[in-house]
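With the hints as extra help, turn the sequences into a complete structure.
Protein chains in written order, with this note's numbering: chain V, 1 to 111; chain X, 1 to 115.
Hints are computed from structural coordinates only; laboratory data are not their basis.
Some hints could be false.
Said to hold, decoys possible - Selected chain V positions facing chain X (in silico; Cβ < 8 Å):
1) Lys42
2) Phe46
3) Thr49
4) Leu50
5) Pro91
6) Lys103
Bear in mind the structure is a predicted one, so any value in this text is a computation, not a measurement.
For glycine and all other residues, C-beta sits at the position ideal for the given N, C-alpha and C.
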Amino acid sequence: EDQVTQSPEALRLQEGESSSLNCSYTVSGLRGLFWYRQDPGKGPEFLFTLYSAGEEKEKERLKATLTKKESFLHITAPKPEDSATYLCAVPDSNSGYALNFGKGTSLLVTP
Amino acid sequence: DGGITQSPKYLFRKEGQNVTLSCEQNLNHDAMYWYRQDPGQGLRLIYYSQIVNDFQKGDIAEGYSVSREKKESFPLTVTSAQKNPTAFYLCASRRGPVAGEDTQYFGPGTRLTVL
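Okay, structure coming up:
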């Protein structure tokens with residue numbers, strides 16, 4: 001069974017303090033790993049898709065990387081507006097490519 | 001402005017009542033999905049549809065029903081058989097199984113509360 005595990009569950013950073021979020025997965029035949037950002041009371045907002053080990057993608061202060069077993073979301077010099085829950089997910093080919101989500105990492109960046 | 005809309009934003013249900021959540025997309029996507037989100041849990045799949053007039057049960061379909069009569073619309077009915085319906089409901093769509101176009105986009109969600 002495909003599984004996605006995210007760590008830590010919660011992370012508190014000072015503004016400017018860089019860190020990484022982890023997403024480990026077990027899936028046969030990866031068809032992409034997806035990162036989303038979710039603000040309270042809102043739908044997830046798409047950030048990145050990674051398809052193969054070694055691939056990296058960047059957007060502002062965020063950089064996502066992928067290995068054969070896990071993905072990292074690196075946050076460089078975060079700002080308070082980066083506070084959100086970050087979700088990773090992998091598609092399930094047995095369910096019309098619906099996404100199997102991890103439980104998320106809740107990030108709080110304080111001034 | 002292309003996207004996915006869900007209505008209402010907040011919905012209150014009395015015991016024994018059926019309620020319907022609306023999901024509309026103007027992205028011309030073939031596939032649509034319904035997920036349920038509870039505090040401390042990941043999103044869980046309720047139903048999905050890959051083409052019009054066809055849909056399949058997800059992991060937690062009991063107590064829910066859907067229809068897909070139009071490409072743009074995928075309404076979810078929460079029936080009285082769903083014993084614990086209080087949750088945040090998210091609709092998503094995806095263009096289809098084409099390489100590089102697998103991204104799912106989400107609507108803003110509907111928060112359902114049982115009174």
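Each hint, compared with the structure:
| no. | hint | in the structure |
| --- | --- | --- |
| 1 | Lys42 | holds, 6 Å |
| 2 | Phe46 | holds, 6 Å |
| 3 | Thr49 | holds, 6 Å |
| 4 | Leu50 | violated, 12 Å |
| 5 | Pro91 | holds, 6 Å |
| 6 | Lys103 | holds, 5 Å |
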